[in-house]
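Q: Dock the two chains into a complex; use the hints.
If you read the sequences in order, they're chains A and B. The numbers in my numbering rise by one with no breaks, and the one at position 7 of the first sequence is 7. The numbers in my numbering rise by one with no breaks, and the one at position 61 of the second sequence is 61.
Incorrect hints may have been included.
Claimed, not checked - Straight line, CA to CA, 20 Å or less: simulated EDC-like cross-link-like pairs of lysine to aspartate or glutamate:
| id | chain 1 | residue 1 | chain 2 | residue 2 |
| --- | --- | --- | --- | --- |
| 1 | A | K49 | A | E21 |
| 2 | B | K88 | A | D114 |
| 3 | B | K58 | A | D67 |
| 4 | B | K59 | A | D67 |
| 5 | B | K58 | A | D88 |
| 6 | B | K171 | A | E82 |
| 7 | B | K180 | B | E234 |
Quick caveat, the hints were computed from the structure, so don't treat them as lab data.
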Amino acid sequence: MKYSKEQTADLLLKIENSLREYLLKNNIENPIIIGVHTGGAWVADWLHKALGFKGKAASLNISFYRDDFSRVGVNPKVEPSEMPVSIDEKHIILVDDVLFTGRTTRAAINEIFDFGRPLSVTLVVLVQRNGRELPIAADIIGETLELDNNKNIKLLGPDPIILEIIDKEN
Amino acid sequence: MSENEKRDLKEKNLNQNNAVSQKHLRHFLDIENLPKSLILDILDLAESFAGVSGQPVKKVPLLRGKTIINLFFEASTRTRTTFELAAKRLSADFLNINIDFSATKKGETLLDTLRNLEAMHCDMFIVRHPSSGAAEFISKNVSQNTSVINAGDGRHAHPTQAMLDIFTIRKYFPDFTKIKIAIVGDILHSRVARSLMHALRILEVPDVRVIGPKTLLPKGIEHMGVTSYVNMDEGIKDCNVVIMLRLQNERMDSSFIPDEHEYYNLYGFTPKRLGMIAKNGIVMHPGPVNRGVEISSEVADGDRSVILQQVSNGIAVRMAILSLSMQP
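Here chain B stands alone, though its shape is the one from the complex (with noise of 0.2 Å):
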């Protein structure tokens, strides 16, 4: 069997583990292997689901009688409660399993946890983990009936941030063919990096670069088909859409970058940087916002920052993600 066969039967496998048609998914685990229609039809979905938030009665009865556990391993605020906020807006019965506090500290492994919680039939694992791959093993390993979403995976994925942010770009550009879009910041230990890499080249975005300082450059990128710049002046020049992203603050003490005043002075996005992109770019960031570090307040608060509206249609979009995974 050559490489390529190879390829095209990993792929292929992966398909089937991620969506059981062309039409349906089963576990939402990655973006990579989505067909475009699929996400398409997510991005559809989602917007007829953000009138929900609009009515006096923000629900509508779509999941009743289903159960949905939040299954999280790592600190989140904005995924964890817009999950939550999704779950009840669809009228699923819900419960947040905080896994610092619970059995797996008294020893109990994860699979003995997931047993006992299926045990309870549940009908969904939305599950957060600092280790790349936990959603998938977990989606392997759960009964045939039981959907699994990942709700970030180590330096993996995170797709329905990726997928909340093509919803946020699509608002603003509908046309994906026609715009340049810019990544800002640690590309290299960045699960929101990759999984929107992979959502923009099956959108076939013509134009996408990675701006950063080379340690937070994973080497050979290029074959993700976007173009990486080290000089972000350059890197952001037109660009309509600019997304930062949080310099996380546990690589501030390693080798990675020089110190937060000069990473600023090169890659934060300040006022003057604002003036370089087109006139009508947006700036998004996936959050939390280091003020000061990565973006100005002027800019995360000016009036071209979508970040408040990404948390809004990221309500929306996981509601049409955990309605999709729930088909027949």
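Chain A on its own, in the form it takes in the complex (with noise of 0.2 Å):
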């Protein structure tokens, strides 16, 4: 199932408006907005904008920090990670497009600390799905969604994105 532009658009303006809130109501200006490669650092790069930033969105590569090397190893094609400012003493909003396990959020947290000691992290998703196997959850999120084992949730992009529900491949 394929979600229509503007589905999605309308999906991005509701975690844009949820984070203008979410700022508001707990003091935070010029939050550092990171998004995870690839969905969502498209997600990050359009809220930066929308938000009125400068510039791009930082962006994350977690390769190097996910828990399954052992499993899968790493892919040789890893875009790297792309932080333009220190984060120390700095309230980050980290952007992904899907929350599914939380290990990649987990991955994510523990590489934005190797680049510093950010105040707060606030965790912004497009979409959360059931299938959690930490103790991760998103402050704002554009939909919750129940999906079977085996379909997975994808992003096209970066412009326009578009939201996907397709089934896993085997």
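A: Here you go:
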């Protein structure tokens, strides 16, 4: 099942508005927006622009922080993380497209702490689905889906960003 | 079986020993039989690891829980320390075994030393040895899950040095098929030159020249797809990359070269000769540098020299090789 461009845009607007409220409520100014490569980075760039920040959002490639190296190894085509500014004493908005098992978020938080000591980390996801394996929850969520195990959520992008639910590859 | 078939079979066997598949390494012993795609994978992965050195915490947890042993039977500073840093930046546990002071001096055989180290559940040996073929010998005698990396064996190969050299070259010249490269000096005894010539052939560099006195150029070297020059000025003309080799002091006393002074006159890389290479050309050297023997200080320290970048790049490239050899 494919979301339309407009349906995905509605989800993006929803997390944008929730994030604005959240930042206001928690008195957070000038947060650093960091997207998880690749889908999360597209959403992060979109939010970064929508909130009126200059340049591009920071991006994390968590390949070197995954917990399954002993099982699946590392893909040689890893695009490096891009962290253009210091994150020390800053509020971090961590953005991913999908929250599923929580393992990617764990790896991302570990990597963030190798760049410095942020004041806080807030998790924003476009979609969360059932299947959490770690005690990790998002603060801002576009949509919550209950999906069968054989389904995957995929993001097409970066322009336009379109959400798609597909059958898992074997 | 024809000679060609025999050669193909030998190459196939070597391939299997080197790389489990086109994608994964098991041991990293030589470049000779690696597919181009795997060489490019190593370079790409090294590119990603290069960023780790710029992080406040210069470490990623990829090889956490793995144990790597540096098994050096020969002196080394750069190679030994960059392997150590590479392993540590991947969060592996790392041991340096100095063979000079170890049990082999007390009469223990190499295989006994190996078995003992393996009994300590190590996952990888990084081997440097004065004898050609030593790393391969060790790779055939370790258990199934232990990887062996060749950090230089006799006159045979120094594949990680060649990898960091081509990584450095790619930073300046992304298209290998459009450059001229010269390797200058003691080609005959140089494992660096051998590994480099193989790497450059696989990467399809169209013009590779080897330059040195006749006594230091192996006979029949043209079979490796290179052109040999005895005259340095002719050889380096318009080259984009000039790789100087260390003139090993131990060759001085023999009949290989006349004397240091004359060698410098004939093959020393001087500022005057720097003017003969391509305008965008770079100067490389695997180290340690003999100033005033094969290269002048002005050139070695000048703005065309990438010698220290080679050292930095060595860490990222070795991180890539270590992690690809530990792939499941």
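Q: Are there hints from earlier that the structure breaks, and if so, what are their numbers?
A: none
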